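Peer 1: When you get a sec, could you build the whole thing from the sequences and use the hints?
Residue numbers (numbering that gives the first Met the number 0), protein chains in the order written: chain V, 0 to 171; chain D, 0 to 815; chain F, 0 to 288.
Please note that the accuracy of each hint is not assured.
[To be verified] Sample of chain D residues with no beta-carbon within 12 Å of chain V, all distances over it, derived:
(1) Arg25
(2) Phe32
(3) Asp42
(4) Ala69
(5) Val87
(6) Thr104
(7) Gly183
(8) Thr208
(9) Gly220
(10) Gly257
(11) Leu549
(12) Gly569
(13) Trp595
(14) Glu631
(15) Val705
(16) Ala787
[As the list claims (entries may be wrong)] Selected chain F positions facing chain D (in silico; Cβ < 7 Å):
(17) Val13
(18) Asp61
(19) Phe184
(20) Arg186
(21) Gln229
No wet-lab data here; the hints were simulated from the structure. Just so we're clear, the structure is a prediction, and the values are computed from it rather than from any experiment. Glycine residues also receive a C-beta, built at the ideal position from the N, C-alpha and C atoms.
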Amino acid sequence: MTDKQEISLTVNGREHTLAVEPRRLLVDVLREDLGLPGTHIGCEHGVCGTCTVLLDGASVRSCITLAVQADGHAVRTVEDLARGPDLHPLQDEFWDKQGLQCGYCTPGMLMRAVEILEQNSDPTPEQVRQQIASNLCRCTGYQYIVEAVVAAAPRLRGEHAWDPTIPTEAKA
Amino acid sequence: MTAVQRSAPPVRQQDKTRTWVGKSIRRVEDPKFLRGRGGYIADLVRPGMLHAAVLRSPHAHARIVSIDTAAAAALDGVHAVITGAQAVELTEPLPDFGPDPAKLTWRCLAVDKVRYVGEGVAVVVADNRYVAEDALSLIDVDYDPLPAVVDPEQALQDGAPLVHEPMGANLAYERTFDFGDVDGDFAAADVVVRDRLRWHRSGGQPLETVGAIADYDPSTGQLTAHTNSLSFTSYLFMVATTLKMPVNKLDIHPVPAGGSFGSKLFATKPLVLAAMCSKAVGRPVVYLEDRVDNISNCDHHGSDRVYDVELALMRDGTMRSLTIDTIDDYGAYMQFGVGHHGNALAQVTGPYTIGSVRYRVRAALTNKNQQGAYRGFGSEVNNWMIEQMVDKAARELGMDPVQIRRQNFIQPAQFPYFIPTGNVYDSGNYDAVLDQALELGEYDRWRAEQARAREQGRYIGIGLITAQERSVFSATEFWFWFDEPGAPVTSMPESVTLSVDATGGITATLYSGAFWGNSPETMVAQLVAEEFDCEPQDVSISYHGSKGGLPATGPGGSRTTVMLAGAVEGASEKIKAKARRAASELLEADPEDLEWVAGGFQVKGVPQQRKSLADIAIMLHLFKHSFPEDMESGLEESRVYDHPYTTMPSADRKDLGVFYPFMGHACHIPVVEVDIETGQVSFLAYAAVHDCGTLVNPRSLCGHIVGGTAQGIGTALYEEFVYDDEGQLITSSFLDYSIPTAMEVPELRIGHVETPSPYTPHGIKGGGEGGRMMAPAALNVAVNDALAPLGVRVTELPMTPDRLRAAIRGAGAERR
Amino acid sequence: MKPPPFHYSSPTSVSDAVALLVEHADEEPRVLAGGQSLVPLMNFRLAQPGFLVDLRRVAGLDAIRHDGETLVIGAMVRQATAEKSPEVALGAPLLAEALHYVAHLPIRNSGTVVGSIAHADPAAELPAVALAMDAEMTAVGPQGERRIPAAEFFQGPFTTSLGADEILTDVRFPHRSGGHAFVEFARTHGNFALVGVAALIGVEDGRISSAAIAVSGLGPTPLRMPAAEQALVGAAPEGVAVSAAVDAGSAGLHPAGDLQGSTATRVDIARAYLRRGIERALDRALDRR
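Peer 2: Structural data, given as structure tokens:
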């Protein structure tokens with residue numbers, strides 16, 4: 000029974016039935032079997048959070064989750080955030096605030112941030128900082144990530160639309 | 000060697016009216032990363048691609064008696080197993096800029112013995128990484144363990160186990176430089192402050208490891224590779240030599256790097272392993288390190304130094320001279336020699352008018368992974384060392400830490416200022432930086448707060464440091480160590496091609512693997528937009544592979560923006576020259592009567608007589624017969640921009656010449672509180688003011704300052720690659736190697752002073768490393784300031800709870 | 000860093016799961032709940048089970064319920080679920096507080112309360128909580144069900160008295176009155192702690208009436224601190240008693256030194272955190288937080 004197991008995953012709203020070796024990590028199945036390279040591998044022992052995806056809406060480390068454990072569940076990855084040409088408000092704000100440099104931790108950060116704002120639609124910067132501490136970023140020192148998540152909150156509450164014509168320094 | 004002594008480049012008048020340089024535009028790199036379409040090395044898949052995994056040594060030092068690979072090779076899905084001994088047949092030693100590569104030989108896999116935990120012993124090629132790792136566990140290596148040498152000072156003692164027997168000793172390099180009249184200055188000094196300092200090794204640890212895909216085509220003999228490492232495009236012949244192939248058959252394509260911080264600089268080993276495997280199996284092979292590979296075998300550990308330092312001063316606090324005696328623990332190999340100390344020598348006396356310096360460096364070989372590059376490349380250690388000495392001097396002289404620094408500053412009128420080593424500081428205004436930092440950091444308020452807290456038994460410390468931030472290295476620092484260097488190269492160029500298509504759209508082509516988290520595309524887009532009055536987002540950027548590419552060096556030493564700016568400026572001049580001539584033909588006007596205005600050429604004073612760049616471009620592309628015979632079709636120009644300010648070292652090395660001229664400066668003021676019961680350090684505030692010359696994108700520079708500071712916080716408090724007495728690496732994963740989370744990094748207040756460089760386009764200086772060049776020094780000063788009432792002075796980084804508690808216990812500070 | 004191959008089954012009942020453990024006894028079978036400790040170990044290939052019994056499809060293991068004066072947490076209850084549960088907040092506030100310190104939310108979203116206890120990491124939070132609360136583990140094996148008191152459960156680092164053919168189906172936390180506190184010292188946020196302190200202190204009529212204190216990170220298993228408890232019980236809830244308890248509790252400690260801290264440092268930190276934990280629990284008992 001290292002034989003492949005048949006599992007069904009709903010990934011970004013699309014249902015997949017596939018046969019996987021039970022040892023395959025969810026991150027590898029997403030990247031290799033389903034062609035979704037946005038979920039990255041950083042440490043493969045659950046510390047860095049680069050591989051964070053949402054499983055039934057809750058953030059998990061896909062590098063320490065066996066794909067079979069996700070059988071029958073819904074997975075959401077960074078590829079599900081933008082709608083065609085339109086970025087998700089979090090993506091807009093990460094861009095606007097320069098909440099990324101090398102971009103490698105960014106998908107995991109974004110998915111964690113989705114969960115943070117779903118659990119608290121109006122967090123303080125301190126709350127965001129504490130919550131986002133689940134994910135490592137080696138480039139930014141986190142400051143602009145925190146700013147981006149805080150800035151996205153009112154947009155996700157539908158309070159005002161983002162105006163891409165206003166440069167960052169003018170928004171301060 | 001025939002070297003032409005070059006003098007300083009002409010001083011530029013820096014134009015202050017800029018449209019795009021200086022604006023915090025959104026980075027043009029970002030949309031793909033935000034969508035998860037970064038195209039990192041792990042995202043690239045070649046048809047038929049196989050996966051390689053490396054068997055790591057579990058021993059710090061051992062002879063390899065035998066390796067049995069039969070079971071691994073027989074495993075279903077395994078295509079090849081190559082041992083170190085077999086690799087000797089397939090490859091030459093790896094590219095190496097260090098001393099004596101013939102005796103201190105570095106290869107992609109260990110051959111007769113292993114020299115550190117994690118060193119590669121064999122590589123497996125299999126259908127996928129899972130099977131490759133299965134096969135690794137089936138390889139049977141018979142080791143004969145040898146005593147390990149771990150401590151750098153013990154390594155230099157007689158009788159220590161030898162890391163490389165042909166060297167005859169573990170002292171791989173030693174030299175003492177004397178710059179100026181050290182003995183005279185010490186004799187004239189009133190006070191000598193001495194200390195012994197210890198900086199342990201940490202590393203960049205980008206969240207993406209190093210990897211390469213190699214695809215060897217036996218029919219053409221061409222090797223096509225993609226890798227997130229390698230720069231020094233001009234030096235790729237060294238890789239070709241390692242692979243025993245002609246350099247014109249090697250084509251390396253850069254891939255975005257998921258972070259580097261230096262640690263992906265010229266990381267040749269993964270590429271060589273992948274290439275060797277691809278040649279062996281005739282299929283594309285990817286080798287991508289896992290985290291344990293990266294921590295234990297990345298060849299990019301940071302500096303690991305013991306210092307004995309003496310600072311000579313007058314009683315009024317005037318600094319006269321400095322003697323530095325350092326042992327640097329290089330680990331088992333020395334790919335970049337002691338270049339890290341060249342970095343130190345670029346700014347060895349800090350922002351101060353210290354008149355002379357003696358610098359003794361000894362490089363020790365030990366059973367550890369070797370040093371490479373980590374944000375600062377050794378100059379951050381020097382900053383820390385000087386600032387600890389200045390801080391100690393202030394305490395011993397009973398002086399205010401602000402005043403002792405201020406009164407020794409090089410003054411604005413003294414620039415360009417040559418320091419004793421011969422390097423130049425191009426420009427600066429250190430008082431302005433200090434003044435802004437004192438205000439931004441609310442220095443006086445925190446001093447009052449500190450006094451109140453002390454009365455309540457709380458230990459608050461304010462760390463004030465003022466230090467240098469060198470940028471844009473030249474090649475000489477790699478070899479001025481040697482009286483008769485093997486390769487006294489002098490080129491470290493960067494190139495850009497600008498192509499204007501028939502519709503006037505501009506494409507900029509870059510020639511090195513320039514992206515590793517910095518913003519080369521944004522920088523180029525802003526610089527091109529500045530030149531041609533277009534929108535930055537309308538500039539298209541592409542990266543050229545190495546084959547047929549122009550000379551390029553790539554990022555490192557905070558050089559990218561300055562060097563790209565020079566190349567963009569040069570290519571733009573050429574484009575405009577041709578466009579001017581074309582416009583003069585089209586407008587039937589003298590070229591001298593034309594002026595560039597708002598994206599086109601027009602007759603001076605006659606705006607109606609005008610051709611936009613697009614008007615000119617379509618003519619040049621499609622209407623050859625509208626122009627004189629000698630004008631070629633199209634509108635494309637390149638510029639190879641060489642280092643703008645390098646001078647040769649003197650033969651006696653009393654003067655190292657100019658090799659790191661664009662000198663930034665910063666003042667950091669962290670405020671910390673130490674829980675003396677546990678040794679935990681927490682932040683109350685943090686202010687940082689930097690002067691990196693003219694800013695191109697202020698927000699992206701701020702991002703580098705915060706990010707670098709976060710890494711400096713790691714170096715100061717959390718991060719260390721710890722090898723135990725037997726040479727076992729006991730921090731081989733992120734479980735033990737602790738990287739700061741958002742909760743360990745404070746919110747920074749950031750300020751800028753802009754003192755333009757007189758020698759670079761727009762007056763830009765590099766700024767990618769500044770945060771990490773300052774934070775360790777500032778935090779050590781802060782912690783010592785907090786613990787001063789207990790009589791505790793910490794001289795070793797990282798300042799872990801264990802080290803702080805030991806120091807506090809040692810001082811006899813009572814617990815509750 | 001990929002897991003080694005293993006055989007796998009996801010049974011739908013506890014009895015089937017036990018039967019699989021018995022059937023595959025010679026393949027070093029392991030039980031998989033959330034996998035947040037086991038899968039990393041497998042990625043490092045430090046754990047190489049030949050057979051994995053995944054509890055995810057076993058019905059009835061994901062319940063949090065009260066059984067009289069006992070809070071019962073099923074084997075598949077995620078830490079994040081327990082953390083948010085009003086039942087846990089009411090019935091075992093010490094557990095609720097400790098859960099905040101378990102790694103980070105993405106780990107707690109998958110990791111289970113019972114799995115963490117079964118993993119028996121001596122530095123982990125939940126085993127110390129189980130010990131302080133005198134929790135009982137419900138183990139089901141081929142011979143049926145038995146209850147193992149926490150005091151008998153933790154045998155050594157990552158070692159418990161659970162049989163190789165047994166499965167922990169739930170952990171039972173008796174309701175405890177008085178003040179609670181969980182405090183811990185970790186070098187970075189969410190990292191493994193050097194020292195954790197779980198304290199439950201009752202105060203009646205101006206005297207400390209009960210005390211249960213357990214620590215993590217200071218020995219091969221979580222440790223109860225009977226000497227500290229004795230120093231508190233019967234004393235006035237004041238600083239003198241706290242100091243006596245800290246002295247008594249730390250007197251016998253001799254934690255092994257390691258990378259994170261020498262023996263002396265760990266004792267220093269243990270003393271500081273014993274004091275902080277006891278003070279917080281006392282404050283809550285006296286409702287003066």
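Peer 1: Now look at each hint and say whether the structure bears it out.
Peer 2: Now for the hints, and whether the structure bears them out:
1. In this structure arginine 25/D is not separated from chain V by more than 12 Å, as the shortest Cβ-Cβ distance comes to only about 5 Å.
2. The Cβ of phenylalanine 32/D sits about 3 Å from the closest Cβ of chain V, inside the 12 Å cut-off, so the non-interface label is violated.
3. Not every beta carbon of chain V lies more than 12 Å from that of aspartate 42/D, the smallest distance being close to 4 Å; the non-interface claim is violated.
4. Distance to chain V confirms alanine 69/D as a non-interface residue, since its nearest Cβ pair spans about 23 Å, more than 12 Å.
5. Separation of valine 87/D from chain V is adequate, the least Cβ-Cβ distance of about 31 Å exceeding the 12 Å criterion.
6. At roughly 32 Å from the closest C-beta of chain V, the C-beta of threonine 104/D stays outside 12 Å, upholding its exclusion from the interface.
7. Non-interface call for glycine 183/D relative to chain V: holds, since the shortest CB-CB distance, roughly 45 Å, exceeds 12 Å.
8. Listed as outside the interface, threonine 208/D is inconsistent with that label: its C-beta sits roughly 8 Å from the nearest C-beta of chain V, within the 12 Å cut-off.
9. Every CB of chain V lies more than 12 Å from the CB of glycine 220/D, the least distance being 31 Å, so the non-interface label holds.
10. In this structure glycine 257/D is not separated from chain V by more than 12 Å, as the shortest Cβ-Cβ distance comes to only about 3 Å.
11. Interface exclusion of leucine 549/D from chain V stands, the closest Cβ pair being 25 Å apart, more than 12 Å.
12. In this structure glycine 569/D is separated from chain V by more than 12 Å, as the shortest Cβ-Cβ distance comes to about 28 Å.
13. With a closest Cβ-Cβ approach of about 25 Å to chain V, tryptophan 595/D is found to remain outside the 12 Å limit, as its non-interface label requires.
14. No beta-carbon of chain V is positioned within 12 Å of the beta-carbon of glutamate 631/D; the least distance is around 39 Å.
15. At the 12 Å boundary, the C-beta of valine 705/D falls inside the reach of chain V, the nearest C-beta of that chain being 3 Å off.
16. Against the 12 Å criterion, alanine 787/D stays outside the reach of chain V, whose nearest CB is about 28 Å from its own CB.
17. The criterion of a C-beta within 7 Å of any C-beta in chain D is not met by valine 13/F, whose closest approach is roughly 31 Å, and the hint is violated.
18. The interface hint given for aspartate 61/F is broken, as the beta carbon of that residue sits about 29 Å from the closest beta carbon of chain D, more than 7 Å.
19. The criterion of a C-beta within 7 Å of any C-beta in chain D is met by phenylalanine 184/F, whose closest approach is roughly 6 Å, and the hint holds.
20. For arginine 186/F, the interface hint holds, the least distance from its beta-carbon to any beta-carbon of chain D being 6 Å, beneath 7 Å.
21. Hint on glutamine 229/F is violated. Least Cβ distance to chain D is approximately 21 Å, over the 7 Å limit.
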